[in-house]
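Enquirer: As a plain string of letters, each chain reads:
Number of protein chains: 2
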Amino acid sequence: MPRLVQKFGGSSVKDAEHILRVAKIVADTAREGKELVVVVSAMGDTTDELIKLAAEISDNPDRREMDMLLATGEQISIALLTLALQKFGLKARSFTGPQAGILTDETHSFARIKTVHTTRLEASLRRGEIAVVAGFQGMTRTSEVTTLGRGGSDTTAVALAAALKAECCDIYTDVDGVYTTDPRSCEAARRLHAVSYEEMLELAFSGAQVLNARSVELAMKNRVPIRLRSTFKPTDTGTLVTSREFTPNYKICGLACDVDNVSFKLIIGEDFSTEKNESKHQERLKKLIDDLHSSGVDGLDSNAKNTSELSNLEFLCQKRISQDIQSLLKEFVSELPGSEFFQDNEIAKLSLVGSGIGTDIALASEFQSILNGASIPTRFVTTSDISISAIIPQSYRNSALNKLHQKFCAQNLEQPLEATK
Amino acid sequence: MPRLVQKFGGSSVKDAEHILRVAKIVADTAREGKELVVVVSAMGDTTDELIKLAAEISDNPDRREMDMLLATGEQISIALLTLALQKFGLKARSFTGPQAGILTDETHSFARIKTVHTTRLEASLRRGEIAVVAGFQGMTRTSEVTTLGRGGSDTTAVALAAALKAECCDIYTDVDGVYTTDPRSCEAARRLHAVSYEEMLELAFSGAQVLNARSVELAMKNRVPIRLRSTFKPTDTGTLVTSREFTPNYKICGLACDVDNVSFKLIIGEDFSTEKNESKHQERLKKLIDDLHSSGVDGLDSNAKNTSELSNLEFLCQKRISQDIQSLLKEFVSELPGSEFFQDNEIAKLSLVGSGIGTDIALASEFQSILNGASIPTRFVTTSDISISAIIPQSYRNSALNKLHQKFCAQNLEQPLEATK
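Sequence lines, in order, name chains A and B. Each residue of the first sequence is one higher than the last, beginning at 1 in my numbering. Each residue of the second sequence is one higher than the last, beginning at 1 in my numbering.
Chain A with its partners taken away, still in its complex shape (with noise of 0.2 Å):
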């Protein structure tokens, strides 16, 4: 009998009324003769009231504690969504990611799945029933429960649909595929039939939250294809992410944009070339250079070794470890008279996807110049093989976007895209 893993959001398990919808999915599937294995995550806010709820008690809470407190959202997801599949009259049995054999490292909060111990949900299969898992946690080799962060509900549902051998991964959530570019920002967003695993890893990668990076990276290195769908639009098949030989072999695929950076610029204060200080000043200046690349800042200037001749550096990093760089600044600049730095969180990062797009250098100039052409300021314009980025400030976000996807994203592809529905 085929075999398939299909995972609902939060959003599509807000409540009693979205678990019925979600049930009659996936009876639906079932009564289609399919052995089905269902990743929930928790209902609709769940998680971050729980996050509020700790927040009330500790400021700074082991995350240990933390994973034992979220791993509910779930639990109670698997139970009434297994309540009304029963309901229906089918047969189904929750299982918690502990009980579903889902073993992770030490990491709590952020923890990797090391393997998937199958043997009770192969029983429960067999058994014919309907097996309704926890996403988002699992178990530590001494049981100690742990959680995949942000996102780890899509992770939980490849690494089932790979250990299990399911034909593919059905993830159902709130919008109905992959875009072209965001559709709240861009009226001209076109959905994407299909995308390769490369590809979407770009574009999960440059911001576009629809899928998490990891999930995709897993799914890609077990050859599992995902269908993204919408819970709200059942029949449609969504857009599909596969082996590039199953894609379109689109020239561009996609615009993303990623608002989760902040850059810095520091300046070098004058006091550091006086002879006195200048040995001393060299070493805090390497040290910090270090730190900041061993912290995961990006764009810092790889030859920026020779420090003696810097007057700044530039670079930018993820919002969560913002603080941490602020502080590393901070001291430096404490101790270094004349220096200073600036902070901009209201920057934007644009990225244009698609194989190979990286060493075409009349796309490059053209990207650049379509936003110098809008008087749109850029900075750490990068190329990779795959994709094209530019910085820009927040503000510019939607004119840059819809600029470049009337460009680039809405016609004249190698490949004919299908129009949204």
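Where hints are given, some of them may not hold.
[As the list claims (entries may be wrong)] For lysine-lysine, the following DSBU-like pairs were computed, each having C-alpha atoms within a straight-line distance of at most 35 Å:
1. B:K87 / B:K52
2. A:K14 / B:K14
3. A:K87 / B:K114
4. A:K52 / B:K34
5. B:K34 / B:K221
Keep in mind that the hints were calculated from the coordinates and are not lab data. All values reported here derive from a predicted model rather than from experimental measurement.
Go by the hints and put chain B onto chain A.
Expert: This is chain B only, laid out in the frame that chain A set:
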């Protein structure tokens, strides 16, 4: 180091503020130099809210899935209380029932603890941690989550105290001990300094809701002293429940009232004695009596074997099985013309509890005459070694309680009672 189990009920951990208050009590005890295991219930109305949520989905929910659902309530509490203890600078770690090694039988929703594997808890205590354990839940041999029924967290606490050889099990709740009778119904009610397991058990069975009867049985069997205390008066030592040799030898220790009963009266139709149908009807009546006995009804005359002499049956049952009893009687009545049955939900069972009082005929007659003197109708008057009980209409509840309390509990007790503070 002396070892103690503390248990906090749902009203003691109903929000972040209350959890921090509980953490303060635990922290103060830990700093006195005790090894501590802390058992908590679900926050406030969490369990009822989860039951309501399940009812929105299914009107006959599967018990296994209900256990999966309800177990989340205590899991939230343990994580939050552990965070609160860590905030106060203490080492603490949370354990679900399964992680704490609480093994139960397979009876979902009403599971019984079979054994406790203390390895993980012992290791935690050895590391100097406060072990925070989810009450009300356990795990079967096959790693299925089970719950222990209402009041199950008390049972968890006593079972852990027994398995870990704790010196005492402190059960914190919103009342400050065991009273001679319910203080909400009788202003003269006085708190008891100590009671024996036997007396407490009889009070619990007779409707005193202060402690779960199963937990008292377990404490008695394992000789675990219980202290019943108030979260809101942490310096008050409450009521000690322990072996008879350590408690005052009360003539009468208390007066309990149970409103969880329903009474039934079945009139057996005339038709019964016609020769033709006699044998068939006798068969039916015998079967009914057997069914009633095995359903767990109370007060059914045990001489009722000679069915041919019966013209009616009167008995009691607990509310939770009254629907089943109704169905049995409806079926019987429908098959025997002239039969009918009456049901009374508005009854209360009053029980005077004290060691050996049931054999004191003068006392039993005084009990009856006080109720008669106040024109309170009584039925099902029964005695046991340790109690005298009567069923009265619920509308007379408070006046009966006050009259009986004044006579038997307020003065002339063989041992002086500690006055309520």
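Enquirer: Which constraints among the numbered hints does this structure fail? Numbers only, ascending.
Expert: As far as the earlier hints go, not one is violated by this structure.
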